[in-house]
Each structure stands twice: as structure tokens, then as C-alpha cells.
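My request is simple: use the sequences and hints to build the entire structure.
These protein sequence lines map, in sequence, to chains A and B.
Per the numbering used here, residue 1 is the first one in the first sequence, and the count goes up by one each step.
Per the numbering used here, residue 113 is the first one in the second sequence, and the count goes up by one each step.
Since the hints were derived computationally from the structure, they do not count as laboratory data.
Fair warning: there could be bad hints in the mix.
Facing chain B, from chain A, some residues (calculated, C-beta under 7 Å) [said to hold, decoys possible]:
1) PHE33
2) GLN41
3) PRO43
4) GLY106
In silico BS3-like links for lysine-lysine, alpha-carbon gap of 25 Å or less [claimed, not checked]:
5) B:LYS185 x B:LYS167
6) B:LYS220 x A:LYS57
7) A:LYS57 x A:LYS78
8) B:LYS185 x B:LYS220
9) A:LYS11 x A:LYS78
10) B:LYS220 x A:LYS11
Note that the structure is a prediction, hence the values are computed from the model and not measured.
Built from N, CA and C at the ideal position, the CB exists for glycine as well.
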Amino acid sequence: GAGVSQSPRYKVAKRGQDVALRCDPISGHVSLFWYQQALGQGPEFLTYFQNEAQLDKSGLPSDRFFAERPEGSVSTLKIQRTQQEDSAVYLCASSLGGLVAFFGQGTRLTVV
Amino acid sequence: AQTVTQSQPEMSVQEAETVTLSCTYDTSENNYYLFWYKQPPSRQMILVIRQEAYKQQNATENRFSVNFQKAAKSFSLKISDSQLGDTAMYFCAFISRNSGNTPLVFGKGTRLSVIA
Numbered sequence: 001g002a003g004v005s006q007s008p009r010y011k012v013a014k015r016g017q018d019v020a021l022r023c024d025p026i027s028g029h030v031s032l033f034w035y036q037q038a039l040g041q042g043p044e045f046l047t048y049f050q051n052e053a054q055l056d057k058s059g060l061p062s063d064r065f066f067a068e069r070p071e072g073s074v075s076t077l078k079i080q081r082t083q084q085e086d087s088a089v090y091l092c093a094s095s096l097g098g099l100v101a102f103f104g105q106g107t108r109l110t111v112v
Numbered sequence: 113a114q115t116v117t118q119s120q121p122e123m124s125v126q127e128a129e130t131v132t133l134s135c136t137y138d139t140s141e142n143n144y145y146l147f148w149y150k151q152p153p154s155r156q157m158i159l160v161i162r163q164e165a166y167k168q169q170n171a172t173e174n175r176f177s178v179n180f181q182k183a184a185k186s187f188s189l190k191i192s193d194s195q196l197g198d199t200a201m202y203f204c205a206f207i208s209r210n211s212g213n214t215p216l217v218f219g220k221g222t223r224l225s226v227i228a
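This is the structure:
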């Protein structure tokens, strides 16, 4: 596609519910990053993929967070047993492996 | 660990005027890049300008320019001839080039309002 696409754009989840957030990177981009952006804050790194390999997951806040990219293109960020502190915008970015990362429009998750 | 600090949570500027957004960072590395990203209400991060740490010349992109002071670890963004469409959150970001593909480290952002 022409840009990074994320879905859904908005998600409301009841506390304790599992959610899955999808990222379609730009075709051919080997690097894919997930960031979490709390209200009024800058994005914070969650995890990084190079093709299908998850090379860094040091930013995942707990073992309730899980990300995958099985075929080296689409990635899914899964949050199990959501809690209110998980409410944030989740941003996905992809790059060819160089410096410039292209971002999607994010998914705004609200846990009620 | 690298940190990025933006000390101005909010700023405003009259249309057609010039505004400067501040950013400082802390790192022990020599090989890195700095960026300014714009985030409008649509939430999509848009790259505004980037600076390579080993280049002394300040980067310029049309109405946007930076003042990069490496010794002071300062990286400010100047927007000239401000337009209503410049209204957005602006984030300063750092990336290390010493260890392969590393993530961006962002500041907390500055909310810029351009007033007609």
C-alpha cells in the first residue's frame, strides 16, 4: 500500500478483555516498530521486528503484551486481559532498514 | 540511555510569524540522528526535518530549519512564515546509529497553535 495502515482506528474494550491491533506496513519494508503513546506524552518504544524476527521486545510493559509478524509483513499487537492503564494510542512504524520511519495513524485503545 | 527533553508543553504564534521550539537531549554517543516529527489531530507522525550528528551544517526544509548545537546537545526547530496548517504536536526524537536498527526516542512534545 501507499502508507502504513493500522486497524481498527478506535477500539473500546472492557477491562479484562483481549484485544488485537493490526499493522500493515509499507510493502517491502523489513523493519517494523510498535510504540505506545499515552495521552499528552511522546511515543514510547514497545517492540521491533526485522522481517519475521522479533529482535527487541524490551519495551513491552508486561507479559500481557504480545506481538507477532509471522510472514514478515503484517504485524499484530495483542493485549491480554486489558487494564485501564493500557488505554493509549498504539502507533506502528515501518522502514526499509534505514533512518526514516513511516508511521500509521495509530489505534486509540480505551479500556473501560 | 538516551533522553530527549522538550521544555515547552505549549506554544502559540501568529500566522506568518516565526516560532522556535526547543529540544535538548542527553547521550554519550557520537553517531546519531535527530528528528522533528509533526503529529496533527489525525495522529499520524509526519517527518518534518532530520539532522545528522556528524554534519555541522544545520538542516533546512523550506520553512523549517534547525539550530543544532552538538556540544550543548541542543536541537531547536524554527518555523518561518507560520501557517494555520502548522498547528499540531511537535516531537523531537533521537536515534542511535551505533547498534543497528534502534528505535526512536521521543520527547514529550510541544503543542503549537497558529493563530489567524
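Open item on the list: I'd like to know which numbered hints this structure contradicts. Please list them from smallest to largest.
Closed with: Structure breaks no hint.
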